[in-house]
Amino acid sequence: MQVVDLHCDSLYKSVTQNIGLDSDKLEVKLNLNNDDRRLQCYAIWLPDNLSGEEAESLFLKAHKKLNDECKRCQINLLKRGDNIRALLKQNKYCAYFTVENGSAVNGKLENINKFAQMGVKMITLTWNDSNIIGDGAEVANPKGLTYFGKSVIGEMEKCGIIVDVSHASEKLFYDVAELSKLPFVASHSDSAKITPHKRNLTDEQFKIIAKRGGLVGINFHREFLSQYPQTSNKYDIIRHIDHFLSLGGENTICLGSDFDGCDLPDDISGSDFFSELYEHLLRHNYKERQIEKIFCDNALNFFENFDNQRIM
Numbered sequence: 002m003q004v005v006d007l008h009c010d011s012l013y014k015s016v017t018q019n020i021g022l023d024s025d026k027l028e029v030k031l032n033l034n035n036d037d038r039r040l041q042c043y044a045i046w047l048p049d050n051l052s053g054e055e056a057e058s059l060f061l062k063a064h065k066k067l068n069d070e071c072k073r074c075q076i077n078l079l080k081r082g083d084n085i086r087a088l089l090k091q092n093k094y095c096a097y098f099t100v101e102n103g104s105a106v107n108g109k110l111e112n113i114n115k116f117a118q119m120g121v122k123m124i125t126l127t128w129n130d131s132n133i134i135g136d137g138a139e140v141a142n143p144k145g146l147t148y149f150g151k152s153v154i155g156e157m158e159k160c161g162i163i164v165d166v167s168h169a170s171e172k173l174f175y176d177v178a179e180l181s182k183l184p185f186v187a188s189h190s191d192s193a194k195i196t197p198h199k200r201n202l203t204d205e206q207f208k209i210i211a212k213r214g215g216l217v218g219i220n221f222h223r224e225f226l227s228q229y230p231q232t233s234n235k236y237d238i239i240r241h242i243d244h245f246l247s248l249g250g251e252n253t254i255c256l257g258s259d260f261d262g263c264d265l266p267d268d269i270s271g272s273d274f275f276s277e278l279y280e281h282l283l284r285h286n287y288k289e290r291q292i293e294k295i296f297c298d299n300a301l302n303f304f305e306n307f308d309n310q311r312i313m
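Position in the sequence shown (from 1) plus 1 gives the number in the numbering used here.
Quick caveat, the hints were computed from the structure, so don't treat them as lab data.
Take the hints with a grain of salt, since some may be wrong.
Listed next, the in silico DSS-like pairs over lysine-lysine satisfying Cα-Cα at most 30 Å (straight line) [as the list claims (entries may be wrong)]:
| no. | residue 1 | residue 2 |
| --- | --- | --- |
| 1 | K30 | K235 |
| 2 | K62 | K115 |
| 3 | K208 | K151 |
| 4 | K80 | K66 |
| 5 | K109 | K182 |
| 6 | K14 | K66 |
Sequences and hints are given; from them, build the entire structure.
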């Protein structure tokens, strides 16, 4: 089984708790079966209460930590232009470095190119509040992208960093849709039709991402999965997948678990669940090819195509 997971917060825990990426305290487990392969996007979460300087400092610590841990744990840390499929076959476990909250840019447009050179694959523009790029989903009166934020979008696309609109306000989402030239993603967001939550995507938003050739990663956070979060369970994941498929999302849906950064349903304990989810989808009459697209191929195709679409 091959799995690509667009989002987890294990790196934040690794940095702030000074634990290894192979720690049993983490929900993302490295104990893969012999035939399993995984590409894990490790995000460094930058809380909204950090100043720009503090956010940039935490980003730099996370970059060092991820590099050190990947060497120690024999994880292949990918960079732009790598042959992802070949490296997954050779190395079993690969990783991308991503950023959750563009506050790390710290008002320096030149940091975008610096981050790209450091291997950053994707930046979630905001967390829940406002930052120098724009406003998040919890902002009462969102204004969308700031003047600086508009420059950030262009620079990210020029430097080959994927724009991620999970956590974005609706206004910021539509600003990105209007301004961006390349496909963009919502790395860890569910359906607002199934669960009306500010962090979830409306049908229209999903269709825009799909039409542009982007990705939407299914988030396992109980409050995004169900209107009744205390009774949320693994079957809610299938409800969101079903709905996105009904919107024509067969080539758009992937996984964005939010492991180590969310409140999981009681019947999901960590990344060992991926195998169980695969079996559940089979039992719900999903074709194996369809599951493979959700689990890995949609994301792998996107990454490969994105690397070939760099704005010059």
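Here's how the hints hold up against the structure:
1. Restraint check for K30 and K235: satisfied, since their Cα atoms lie roughly 19 Å apart, inside the 30 Å limit.
2. A hinted pair counts as satisfied when its Cα atoms are at most 30 Å apart, and K62 with K115 qualifies at roughly 15 Å.
3. The hinted pair formed by K208 and K151 meets the criterion: a straight-line CA distance of about 22 Å does not exceed 30 Å.
4. Proposed proximity of K80 and K66 is supported: the alpha carbons are some 16 Å apart, at most 30 Å.
5. With a C-alpha separation of about 22 Å, the suggested pairing of K109 with K182 holds against the 30 Å cut-off.
6. For the suggested pair K14 and K66, the alpha carbons sit about 11 Å apart, so the restraint of at most 30 Å is met.
Of the numbered hints listed earlier, not one is contradicted by the structure.
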